[in-house]
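Novice: Residues per chain, in single letters:
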Amino acid sequence: MQAINARNLTKTYRTRVKSEGLGASFRALAKPEYKEVEAVKQVDLSVEQGEILAFIGPNGAGKSTFIKMLCGILHPSGGAVSVLGLSPVNERRKLALRIGTVFGQKSQLWLHLPPLDSFTLLAAIYEIGEAERKRRVDELSELFALGDFLRTPVRKLSLGQRVRCEVAASLLHEPELLFLDEPTIGLDVVVKQAIRELILRRNRERGTTVFLTSHDPADIEHLCQRAVVIDHGALVLDSPVDKLKSDNPGTSMENIIAAIFQQETGRPLEAASDDTPVEEAPV
Amino acid sequence: MKALRKYYVIAKVSFTNALAYRASVFSRFGFFTLYIYVFMSLWRAIYQEGAVHGYSYAQMVWYLIMTEFVSFFCGAEILQKMNEEVKSGSIAYLLGRPSHYIFYQLANSLGQVPLNFVSFGALATVLGLLFVGPLHSFTPLELAPLLLSILLSILLNFFFLTLIGLTAFVLEDNLALYLIYQKLSFMLGMFLPVEFLPAWLQPVAKNLPFSYIYWAPAKIFVNYSPALCLELIPRQAAWAAAAAAAALLCYQLSIRRLQVNGG
Ligand SMILES: Nc1ncnc2c1ncn2[C@@H]1O[C@H](COP(=O)(O)OP(=O)(O)OP(=O)(O)O)[C@@H](O)[C@H]1O
Ligand SMILES: [Mg+2]
Chain U
8 MQAINARNLT KTYRTRVKSE GLGASFRALA KPEYKEVEAV KQVDLSVEQG EILAFIGPNG
68 AGKSTFIKML CGILHPSGGA VSVLGLSPVN ERRKLALRIG TVFGQKSQLW LHLPPLDSFT
128 LLAAIYEIGE AERKRRVDEL SELFALGDFL RTPVRKLSLG QRVRCEVAAS LLHEPELLFL
188 DEPTIGLDVV VKQAIRELIL RRNRERGTTV FLTSHDPADI EHLCQRAVVI DHGALVLDSP
248 VDKLKSDNPG TSMENIIAAI FQQETGRPLE AASDDTPVEE APV
Chain B
192 MKALRKYYVI AKVSFTNALA YRASVFSRFG FFTLYIYVFM SLWRAIYQEG AVHGYSYAQM
252 VWYLIMTEFV SFFCGAEILQ KMNEEVKSGS IAYLLGRPSH YIFYQLANSL GQVPLNFVSF
312 GALATVLGLL FVGPLHSFTP LELAPLLLSI LLSILLNFFF LTLIGLTAFV LEDNLALYLI
372 YQKLSFMLGM FLPVEFLPAW LQPVAKNLPF SYIYWAPAKI FVNYSPALCL ELIPRQAAWA
432 AAAAAAALLC YQLSIRRLQV NGG
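Going down the list, the protein sequences come from chains U and B.
Using the numbering used here, read the first sequence as starting at 8 and increasing by one per residue.
Using the numbering used here, read the second sequence as starting at 192 and increasing by one per residue.
Source of the hints: derived by calculation from the structure; they are not laboratory data.
Predicted model only: the values in this text are computed from it and were never measured.
We treat Cβ as the ideally placed atom computed from N, Cα and C, and that holds for glycine.
Check the hints yourself; a few may be wrong.
Only part of the chain B face toward chain U is listed, based on derived beta-carbon distances under 8 Å [unchecked claim]:
| no. | residue |
| --- | --- |
| 1 | Lys197 |
| 2 | Thr207 |
| 3 | Lys278 |
| 4 | Ser279 |
| 5 | Ser281 |
| 6 | Gly287 |
| 7 | Arg288 |
| 8 | Ser290 |
| 9 | Leu334 |
| 10 | Arg426 |
Sample of chain B residues lacking proximity to chain U, with all beta carbon distances greater than 10 Å (derived) [to be verified]:
| no. | residue |
| --- | --- |
| 11 | Phe222 |
| 12 | Leu225 |
| 13 | Tyr228 |
| 14 | Gly280 |
| 15 | Ile282 |
| 16 | Gly312 |
| 17 | Leu320 |
| 18 | Leu326 |
| 19 | Ser328 |
| 20 | Ala367 |
| 21 | Lys374 |
| 22 | Phe382 |
| 23 | Val395 |
| 24 | Ala436 |
List of simulated lysine to any residue pairs, SDA-like, C-alpha gap at most 25 Å [to be verified]:
| no. | chain 1 | residue 1 | chain 2 | residue 2 |
| --- | --- | --- | --- | --- |
| 25 | B | Lys278 | B | Tyr372 |
| 26 | U | Lys113 | B | Leu286 |
| 27 | U | Lys113 | B | Tyr372 |
| 28 | B | Lys278 | U | Leu166 |
| 29 | U | Lys113 | U | Ala152 |
| 30 | U | Lys42 | U | Thr19 |
| 31 | B | Lys203 | U | Thr19 |
| 32 | U | Lys101 | B | Gln271 |
| 33 | U | Lys101 | B | Ala194 |
| 34 | U | Lys163 | U | Gln112 |
| 35 | B | Lys272 | U | Tyr133 |
| 36 | B | Lys203 | U | Glu139 |
| 37 | U | Lys163 | B | Leu440 |
With the sequences and hints as input, model every part of the structure.
Specialist: This is how it looks when you write it as structure tokens:
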């Protein structure tokens, strides 16, 4: 079965424009001016169950917007989408039981309480029984090496420790489909690797479908089978990660991605295929 | 059953959070006392002897204590929280869960009540006894209707604040709305009993929801009679139900227009 099926999916944001000056403020009060941003433009995308897909694109390309539509928290402006066979907007709560989300830049844990309390809250919200909750918390705690962090107020955890708890929290209800929006942002190399390993294990052991956005080429290289590139709201590339590598032998994943982005934004390709970045110049 | 348990656990975690935060309760004790003291002095200056509009001086002070008590534990935190969640975009997590956003906030809000109820209840009682002595008309009989009236006040206030909070989905700033709400409930019951208003304004106030947040429980408290309860409590319940329905409807309408921020 298909995990995700989007047809012509479109999202237009409407924001108020404010000009400078007092006069403009009064005019805006009487007749507000709006600016429209087409964040996602007629995207067609299918994802099979069990896939690990990298959804990449430059800043502001529309990745987070797309994910929010798939979770049902943003209403599309046009097109159709089905996730695990459900309509995200009309069957949001039913879908919510089966999907998990991690927004790397936001927190779902209660800042002043230990993560364990947030887990208890989530277990109740996802209708997980007492015994089952204990089992899953133990399992996740072992998997993510949470140990003492579970009993430490979240505000006292380091970013890496907190993010491990955030990801664990999103897995508590054992979702079939996991949306990860920049889950490794701000983490050190070792923690990044650990998180990748955990996600891979979930995928192998339970067939969890993973929809990942990241600006870290290593995430894409080590985690994903397929890469989809979005730019200015439109899909520009859909290719197996292996093919990207074999088509560009000897080029690092970072440069392959940079080349794709620059091609799409119309900048010259040559600059991107330069394989000796300044930072790596011999000392 | 499971659905109900869900919101019970949310309230419980919120209660734990309030306990973790208890330092803020003590800092607010000072404000509570100061507020009572200032307005009590005002009433003392006004009251030379006897009663004004049916309230004795002691009743007036207890009235003040009760309205402050209600306002200190169903405060505006929920509104601040909702606004912050919309601004930061962390509302994305709340909306992506199999729980209802409004009921989540309600459970969260109610979870904060017990701690405030007990701590401010104790302080309010001590202050009242200290300043004007016991309220002679008070009987244990009125405890049940009084608690019911206070609960309805909390609900009515909660749904009003939620309605204002929901406007953050479409408006950039809802502070003005909150200030209007705050001023109206201050004038129509929190500071002045409705009986103190100009004659023409009294029926207007009684037909608006604002007086039923502070005036109703405080009036029942200092002027208890079964007839009064039968008059005020059903009205409180009706307004709370109307506000709840309005909040749920507004949620359905505005959720479509919410542009979840950030990411
Ligand atoms: N709440 C909003 N209101 C108005 N415009 C928005 C809103 N959220 C995003 N946008 C606009 O939509 C476009 C896509 O934003 P989105 O957050 O989806 O990008 P992204 O691909 O996730 O970028 P990044 O990699 O920087 O996270 C951007 O131009 C952004 O300015
Ligand atoms: Mg993003």
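Novice: Confirm or reject each hint.
Specialist: Structure-based check of all given hints:
{"no.": "1", "hint": "Lys197", "verdict": "holds, 5 Å"}
{"no.": "2", "hint": "Thr207", "verdict": "holds, 6 Å"}
{"no.": "3", "hint": "Lys278", "verdict": "violated, 12 Å"}
{"no.": "4", "hint": "Ser279", "verdict": "holds, 7 Å"}
{"no.": "5", "hint": "Ser281", "verdict": "holds, 5 Å"}
{"no.": "6", "hint": "Gly287", "verdict": "holds, 5 Å"}
{"no.": "7", "hint": "Arg288", "verdict": "holds, 5 Å"}
{"no.": "8", "hint": "Ser290", "verdict": "holds, 5 Å"}
{"no.": "9", "hint": "Leu334", "verdict": "violated, 32 Å"}
{"no.": "10", "hint": "Arg426", "verdict": "violated, 34 Å"}
{"no.": "11", "hint": "Phe222", "verdict": "holds, 22 Å"}
{"no.": "12", "hint": "Leu225", "verdict": "holds, 27 Å"}
{"no.": "13", "hint": "Tyr228", "verdict": "holds, 31 Å"}
{"no.": "14", "hint": "Gly280", "verdict": "violated, 6 Å"}
{"no.": "15", "hint": "Ile282", "verdict": "violated, 8 Å"}
{"no.": "16", "hint": "Gly312", "verdict": "holds, 24 Å"}
{"no.": "17", "hint": "Leu320", "verdict": "holds, 34 Å"}
{"no.": "18", "hint": "Leu326", "verdict": "holds, 37 Å"}
{"no.": "19", "hint": "Ser328", "verdict": "holds, 42 Å"}
{"no.": "20", "hint": "Ala367", "verdict": "holds, 12 Å"}
{"no.": "21", "hint": "Lys374", "verdict": "holds, 22 Å"}
{"no.": "22", "hint": "Phe382", "verdict": "holds, 32 Å"}
{"no.": "23", "hint": "Val395", "verdict": "holds, 29 Å"}
{"no.": "24", "hint": "Ala436", "verdict": "holds, 20 Å"}
{"no.": "25", "hint": "B:Lys278 <-> B:Tyr372", "verdict": "holds, 22 Å"}
{"no.": "26", "hint": "U:Lys113 <-> B:Leu286", "verdict": "holds, 13 Å"}
{"no.": "27", "hint": "U:Lys113 <-> B:Tyr372", "verdict": "violated, 31 Å"}
{"no.": "28", "hint": "B:Lys278 <-> U:Leu166", "verdict": "holds, 22 Å"}
{"no.": "29", "hint": "U:Lys113 <-> U:Ala152", "verdict": "holds, 22 Å"}
{"no.": "30", "hint": "U:Lys42 <-> U:Thr19", "verdict": "holds, 10 Å"}
{"no.": "31", "hint": "B:Lys203 <-> U:Thr19", "verdict": "violated, 39 Å"}
{"no.": "32", "hint": "U:Lys101 <-> B:Gln271", "verdict": "violated, 29 Å"}
{"no.": "33", "hint": "U:Lys101 <-> B:Ala194", "verdict": "holds, 13 Å"}
{"no.": "34", "hint": "U:Lys163 <-> U:Gln112", "verdict": "holds, 17 Å"}
{"no.": "35", "hint": "B:Lys272 <-> U:Tyr133", "verdict": "holds, 23 Å"}
{"no.": "36", "hint": "B:Lys203 <-> U:Glu139", "verdict": "holds, 20 Å"}
{"no.": "37", "hint": "U:Lys163 <-> B:Leu440", "verdict": "violated, 39 Å"}
The structure fails hints 3, 9, 10, 14, 15, 27, 31, 32 and 37 (numbered hints given earlier, in ascending order).
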